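With these hints in hand, go ahead and build the complete structure from the sequences.
In order, the protein sequence lines correspond to chains A, B and C. Counting the first sequence from 1 gives a position; our numbering is that position plus 306. Counting the second sequence from 1 gives a position; our numbering is that position plus 306. Counting the third sequence from 1 gives a position; our numbering is that position plus 306.
There's no promise every hint is true.
Said to hold, decoys possible - Straight-line alpha carbon distances no greater than 25 Å define the calculated PhoX-like cross-link-like pairs of lysine-lysine that follow:
{"#": "1", "chain 1": "C", "residue 1": "K524", "chain 2": "B", "residue 2": "K349"}
{"#": "2", "chain 1": "B", "residue 1": "K378", "chain 2": "C", "residue 2": "K455"}
{"#": "3", "chain 1": "A", "residue 1": "K455", "chain 2": "C", "residue 2": "K378"}
{"#": "4", "chain 1": "A", "residue 1": "K352", "chain 2": "A", "residue 2": "K328"}
{"#": "5", "chain 1": "A", "residue 1": "K455", "chain 2": "C", "residue 2": "K349"}
{"#": "6", "chain 1": "B", "residue 1": "K328", "chain 2": "B", "residue 2": "K488"}
{"#": "7", "chain 1": "B", "residue 1": "K524", "chain 2": "A", "residue 2": "K349"}
{"#": "8", "chain 1": "C", "residue 1": "K488", "chain 2": "B", "residue 2": "K352"}
{"#": "9", "chain 1": "C", "residue 1": "K378", "chain 2": "A", "residue 2": "K469"}
{"#": "10", "chain 1": "C", "residue 1": "K461", "chain 2": "B", "residue 2": "K352"}
{"#": "11", "chain 1": "B", "residue 1": "K378", "chain 2": "C", "residue 2": "K378"}
Said to hold, decoys possible - Residues of chain C clear of chain B, computed beta-carbon distances all greater than 10 Å:
{"#": "12", "residue": "H316"}
{"#": "13", "residue": "V317"}
{"#": "14", "residue": "N356"}
{"#": "15", "residue": "I360"}
{"#": "16", "residue": "A364"}
{"#": "17", "residue": "R376"}
{"#": "18", "residue": "T392"}
{"#": "19", "residue": "D402"}
{"#": "20", "residue": "E404"}
{"#": "21", "residue": "R418"}
{"#": "22", "residue": "Q425"}
{"#": "23", "residue": "D446"}
{"#": "24", "residue": "V452"}
Unchecked claim - Far from chain C by the CB rule (all over 10 Å, computed), these chain B residues:
{"#": "25", "residue": "M307"}
{"#": "26", "residue": "Y332"}
{"#": "27", "residue": "C334"}
{"#": "28", "residue": "K352"}
{"#": "29", "residue": "V353"}
{"#": "30", "residue": "D435"}
{"#": "31", "residue": "E437"}
{"#": "32", "residue": "S451"}
{"#": "33", "residue": "R481"}
{"#": "34", "residue": "S490"}
{"#": "35", "residue": "N494"}
{"#": "36", "residue": "P502"}
{"#": "37", "residue": "E516"}
{"#": "38", "residue": "K524"}
Since the hints were made in silico from the structure, they are not lab data. Everything numeric in this text was worked out from a predicted model, so none of it was measured. Cβ atoms here follow ideal geometry from the backbone N, Cα and C, with glycine treated the same way.
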Amino acid sequence: MTIQAMDASHVALVVLSLRSEKFEEYRCDRPQTLGISIGNLSKLVKVAGNDDSISLRADDEARVLILTFRGKNSERTSEFQLNLLTLESEHLGVIDQEYVAEITMPSLEFGRICRELAQITDTITIAADKEIVNFAVSGDIGSGSVAIKPNDSDKPDEKCIIKVSELVSMNFALRYLNLFNKASMLSNEVSISLSPEVPISLQYEFELGELRYYLAPKIAEDA
Amino acid sequence: MTIQAMDASHVALVVLSLRSEKFEEYRCDRPQTLGISIGNLSKLVKVAGNDDSISLRADDEARVLILTFRGKNSERTSEFQLNLLTLESEHLGVIDQEYVAEITMPSLEFGRICRELAQITDTITIAADKEIVNFAVSGDIGSGSVAIKPNDSDKPDEKCIIKVSELVSMNFALRYLNLFNKASMLSNEVSISLSPEVPISLQYEFELGELRYYLAPKIAEDA
Amino acid sequence: MTIQAMDASHVALVVLSLRSEKFEEYRCDRPQTLGISIGNLSKLVKVAGNDDSISLRADDEARVLILTFRGKNSERTSEFQLNLLTLESEHLGVIDQEYVAEITMPSLEFGRICRELAQITDTITIAADKEIVNFAVSGDIGSGSVAIKPNDSDKPDEKCIIKVSELVSMNFALRYLNLFNKASMLSNEVSISLSPEVPISLQYEFELGELRYYLAPKIAEDA
Numbered sequence: 307m308t309i310q311a312m313d314a315s316h317v318a319l320v321v322l323s324l325r326s327e328k329f330e331e332y333r334c335d336r337p338q339t340l341g342i343s344i345g346n347l348s349k350l351v352k353v354a355g356n357d358d359s360i361s362l363r364a365d366d367e368a369r370v371l372i373l374t375f376r377g378k379n380s381e382r383t384s385e386f387q388l389n390l391l392t393l394e395s396e397h398l399g400v401i402d403q404e405y406v407a408e409i410t411m412p413s414l415e416f417g418r419i420c421r422e423l424a425q426i427t428d429t430i431t432i433a434a435d436k437e438i439v440n441f442a443v444s445g446d447i448g449s450g451s452v453a454i455k456p457n458d459s460d461k462p463d464e465k466c467i468i469k470v471s472e473l474v475s476m477n478f479a480l481r482y483l484n485l486f487n488k489a490s491m492l493s494n495e496v497s498i499s500l501s502p503e504v505p506i507s508l509q510y511e512f513e514l515g516e517l518r519y520y521l522a523p524k525i526a527e528d529a
Numbered sequence: 307m308t309i310q311a312m313d314a315s316h317v318a319l320v321v322l323s324l325r326s327e328k329f330e331e332y333r334c335d336r337p338q339t340l341g342i343s344i345g346n347l348s349k350l351v352k353v354a355g356n357d358d359s360i361s362l363r364a365d366d367e368a369r370v371l372i373l374t375f376r377g378k379n380s381e382r383t384s385e386f387q388l389n390l391l392t393l394e395s396e397h398l399g400v401i402d403q404e405y406v407a408e409i410t411m412p413s414l415e416f417g418r419i420c421r422e423l424a425q426i427t428d429t430i431t432i433a434a435d436k437e438i439v440n441f442a443v444s445g446d447i448g449s450g451s452v453a454i455k456p457n458d459s460d461k462p463d464e465k466c467i468i469k470v471s472e473l474v475s476m477n478f479a480l481r482y483l484n485l486f487n488k489a490s491m492l493s494n495e496v497s498i499s500l501s502p503e504v505p506i507s508l509q510y511e512f513e514l515g516e517l518r519y520y521l522a523p524k525i526a527e528d529a
Numbered sequence: 307m308t309i310q311a312m313d314a315s316h317v318a319l320v321v322l323s324l325r326s327e328k329f330e331e332y333r334c335d336r337p338q339t340l341g342i343s344i345g346n347l348s349k350l351v352k353v354a355g356n357d358d359s360i361s362l363r364a365d366d367e368a369r370v371l372i373l374t375f376r377g378k379n380s381e382r383t384s385e386f387q388l389n390l391l392t393l394e395s396e397h398l399g400v401i402d403q404e405y406v407a408e409i410t411m412p413s414l415e416f417g418r419i420c421r422e423l424a425q426i427t428d429t430i431t432i433a434a435d436k437e438i439v440n441f442a443v444s445g446d447i448g449s450g451s452v453a454i455k456p457n458d459s460d461k462p463d464e465k466c467i468i469k470v471s472e473l474v475s476m477n478f479a480l481r482y483l484n485l486f487n488k489a490s491m492l493s494n495e496v497s498i499s500l501s502p503e504v505p506i507s508l509q510y511e512f513e514l515g516e517l518r519y520y521l522a523p524k525i526a527e528d529a
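Spelled out as structure tokens, the structure:
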């Protein structure tokens with residue numbers, strides 16, 4: 307099961323993949339694309355208790371998604387019908403991309419860097435060579451950078467792997483990266499992939515599947 | 307000692323009763339009704355420390371309520387005069403009402419249902435029969451309901467008792483119920499009483515007394 | 307190293323003194339006054355991790371302050387250039403003042419009194435004699451006061467010392483005192499010094515130095 311969402315300005319894309327074998331029960335007779343308001347889905351899912359089992363159901367040609375929540379002792383059950391949206395575009399096929407730089411680092415560390423640098427300005431320059439990744443900003447109040455070196459620690463909150471086949475330096479909007487960074491609660495590690503002129507990819511693996519964000523680089527005119 | 311307050315639109319009433327024997331000292335020479343701004347009283351009471359003893363005092367024909375806070379070791383004492391309000395109406399005699407449905411359930415559970423359903427729309431339909439209580443909403447984004455069955459667990463955060471002599475189904479404004487639900491920190495249990503066309507009553511018992519809320523049902527034109 | 311800042315309306319002054327021997331390394335070839343935006347400095351300092359070592363550097367005739375943060379294991383280093391401000395006035399020589407009343411009390415207690423009394427009105431009257439310190443307010447909703455007596459407890463969160471050579475009673479704006487009270491996280495104790503017609507001084511001692519606030523009294527026309 308894959309969930310895709312794109313922001314209104316079409317610069318950011320998120321893809322959540324949940325492995326079917328991780329569901330207690332999973333049946334899908336034929337591939338189907340449902341248009342769901344993420345905001346409304348999240349309102350309904352909050353009604354479920356932490357220990358509730360959740361079932362999602364949609365018929366062929368479905369106009370509603372049926373959610374059922376059942377408490378452990380079944381003394382409480384909830385059922386909701388969520389109206390589906392008409393999709394303007396079909397499911398996007400994301401092209402598998404080769405990247406010239408791949409950095410795996412602690413997700414909290416990456417989150418902290420993006421959050422704090424956003425205080426200075428919105429555009430971050432991420433530059434990577436074999437030895438170092440550099441996160442730099444320059445704004446009215448001054449300028450500066452954070453440099454990260456590889457660390458082969460076993461601890462996921464210290465480990466940092468840098469694989470670079472070609473120097474790369476690109477600009478991104480921190481306000482998007484900071485939205486993506488909420489995913490750091492799902493995984494200790496984030497894998498950052500970069501190649502000139504293609505969107506950056508941030509990938510978070512977790513038990514049930516993976517969450518992947520794409521963000522188009524800022525080009526000079528945007529800066 | 308009984309404290310009553312009604313909201314400006316006169317659809318909600320709260321009655322707090324504190325048992326006189328639970329006070330360290332209690333003297334009331336004759337019944338007296340004082341008009342107090344709850345907001346201002348709460349500002350003053352916050353000045354007291356958690357372990358302070360609080361004394362409240364009002365003379366006959368009082369124009370101020372005198373609050374005294376005294377620290378455990380008496381190295382700190384505070385005294386405040388709170389200006390009283392002129393009351394438009396006298397103390398309301400709340401009529402003892404027979405109800406066709408009485409539900410006792412965990413107060414946190416009731417609070418969570420009201421809070422989450424309020425995300426969908428403001429009008430909740432509470433329907434009860436002998437076997438089940440149903441909390442339902444229907445809004446732009448979809449519709450749904452939470453069903454609660456009786457549970458004779460000994461744990462107050464699971465126990466649920468449903469006594470229904472007649473089917474009942476009524477509509478209420480969730481924004482009020484969610485204000486009332488703050489009282490769930492006073493008691494593990496809430497007793498919900500319903501009868502057609504009379505206000506719902508929510509009752510929270512705690513060591514010092516009881517807190518009771520009344521809310522008029524929504525009629526069709528309000529919905 | 308001393309940091310001074312004054313509020314825009316020139317009624318409050320803060321002086322932070324850090325003892326040079328408490329730095330790992332400290333070099334200052336000649337006295338120098340740098341104009342720094344506290345807000346911008348604080349944005350940059352937040353980029354540092356809790357365990358990072360921080361170095362501050364400025365050349366003669368400096369136009370930027372250079373901040374370097376280094377992680378424990380040096381796998382992360384950050385360097386920032388903070389643009390300096392042109393100062394309108396030079397370093398202020400704060401005159402050593404004799405005070406007629408000096409009160410040392412728990413900083414959390416003083417903070418709580420100021421915070422809660424601010425709910426009633428903005429002007430606080432602090433009055434001290436040999437036996438008692440009185441914090442009083444009077445507003446639309448009523449009036450009241452908190453009285454503190456000396457307490458020779460050994461516990462810093464109870465101890466209260468009152469040294470008064472002359473009765474004193476002065477008015478201050480609580481909104482400033484409440485800003486100052488954020489310093490209560492630095493020290494368990496606050497020393498309050500009062501003399502008629504001169505600014506109140508609040509002094510917080512901590513391991514690395516001391517933080518001192520001055521606030522001009524409110525005179526009748528302000529009240």
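Comparing the hints with the structure gives:
About 24 Å separates the Cα atoms of K524 of chain C and K349 of chain B, which keeps this hinted pair within 25 Å; it holds. This hinted pair checks out: K378 of chain B and K455 of chain C have alpha carbons roughly 13 Å apart, not beyond 25 Å. The straight-line distance between the Cα atoms of K455 of chain A and K378 of chain C is roughly 13 Å, inside the 25 Å bound, and the hint therefore holds. For a cut-off of 25 Å, the pair hint linking K352 of chain A to K328 of chain A stands: about 21 Å separates their Cα positions.
For the hint linking K455 of chain A to K349 of chain C, the alpha-carbon distance of about 24 Å falls within 25 Å, and the restraint holds. Of the supplied pair hints, the one linking K328 of chain B and K488 of chain B holds, its CA atoms being roughly 23 Å apart against a limit of 25 Å. A distance of roughly 24 Å separates the Cα atoms of K524 of chain B and K349 of chain A; the hinted pair therefore holds under the 25 Å criterion. Taken as a hint, the K488 of chain C and K352 of chain B pair is honoured in the structure, with Cα atoms around 19 Å apart against an allowance of 25 Å.
The suggested pairing of K378 of chain C with K469 of chain A holds, with an alpha-carbon distance near 24 Å, which does not exceed 25 Å. For the hint linking K461 of chain C to K352 of chain B, the alpha-carbon distance of about 24 Å falls within 25 Å, and the restraint holds. The straight-line distance between the Cα atoms of K378 of chain B and K378 of chain C is roughly 46 Å, outside the 25 Å bound, and the hint therefore fails. The claim that H316 of chain C lies off the interface holds: its Cβ sits roughly 31 Å from the closest Cβ of chain B, which is beyond the 10 Å cut-off.
The non-interface label for V317 of chain C is consistent with chain B: the shortest C-beta to C-beta separation is roughly 25 Å, beyond 10 Å. For N356 of chain C, the requirement that its beta carbon stay farther than 10 Å from each beta carbon of chain B is met, with the minimum near 31 Å. A cut-off of 10 Å between C-beta atoms confirms that I360 of chain C is not in contact with chain B; the least separation is 38 Å. Under the 10 Å C-beta cut-off, the non-interface status given to A364 of chain C relative to chain B holds; the minimum distance is some 46 Å.
Listed as outside the interface, R376 of chain C is consistent with that label: its C-beta sits roughly 43 Å from the nearest C-beta of chain B, beyond the 10 Å cut-off. At the 10 Å boundary, the C-beta of T392 of chain C stays outside the reach of chain B, the nearest C-beta of that chain being 45 Å off. Remark: the non-interface label on D402 of chain C is consistent with the geometry, its nearest Cβ contact in chain B lying 31 Å away (cut-off 10 Å). Listed as outside the interface, E404 of chain C is consistent with that label: its C-beta sits roughly 27 Å from the nearest C-beta of chain B, beyond the 10 Å cut-off.
For R418 of chain C, the requirement that its beta carbon stay farther than 10 Å from each beta carbon of chain B is not met, with the minimum near 8 Å. Non-interface call for Q425 of chain C relative to chain B: violated, since the shortest CB-CB distance, roughly 4 Å, does not exceed 10 Å. In this structure D446 of chain C is not separated from chain B by more than 10 Å, as the shortest Cβ-Cβ distance comes to only about 8 Å. With a cut of 10 Å on Cβ distances, V452 of chain C falls inside the contact zone with chain B, its closest approach being about 4 Å.
Against chain C, the non-interface label of M307 of chain B holds: every CB pair exceeds 10 Å, the least being about 20 Å. For Y332 of chain B, the requirement that its beta carbon stay farther than 10 Å from each beta carbon of chain C is met, with the minimum near 23 Å. Residue placement check: C334 of chain B keeps its beta carbon more than 10 Å from all beta carbons of chain C (closest about 22 Å). Against the 10 Å criterion, K352 of chain B falls within the reach of chain C, whose nearest CB is about 5 Å from its own CB.
The Cβ of V353 of chain B does not lie farther than 10 Å from every Cβ of chain C; its closest approach is about 4 Å, which violates its non-interface assignment. The claim that D435 of chain B is not at the interface with chain C holds, since no C-beta of that chain comes within 10 Å of its own (minimum 48 Å). Its beta-carbon lying about 49 Å from the closest one in chain C, E437 of chain B satisfies the requirement of being farther than 10 Å from that chain. No Cβ of chain C approaches the Cβ of S451 of chain B within 10 Å, the least distance being about 42 Å, so the stated non-interface status holds.
Remark: the non-interface label on R481 of chain B is consistent with the geometry, its nearest Cβ contact in chain C lying 25 Å away (cut-off 10 Å). The claim that S490 of chain B lies off the interface holds: its Cβ sits roughly 25 Å from the closest Cβ of chain C, which is beyond the 10 Å cut-off. For N494 of chain B, the shortest C-beta to C-beta distance to chain C comes to about 30 Å, beyond the 10 Å cut-off, and the non-interface label holds. Consistency note on P502 of chain B: stated as away from chain C, and its beta-carbon is indeed over 10 Å from all of that chain's, at 42 Å minimum.
Here E516 of chain B stays apart from chain C, with its beta-carbon at least about 28 Å from theirs, past the 10 Å limit. Under the 10 Å C-beta cut-off, the non-interface status given to K524 of chain B relative to chain C holds; the minimum distance is some 34 Å.
Checked against the numbered hints above, the structure violates hints 11, 21, 22, 23, 24, 28 and 29; every other hint is satisfied.
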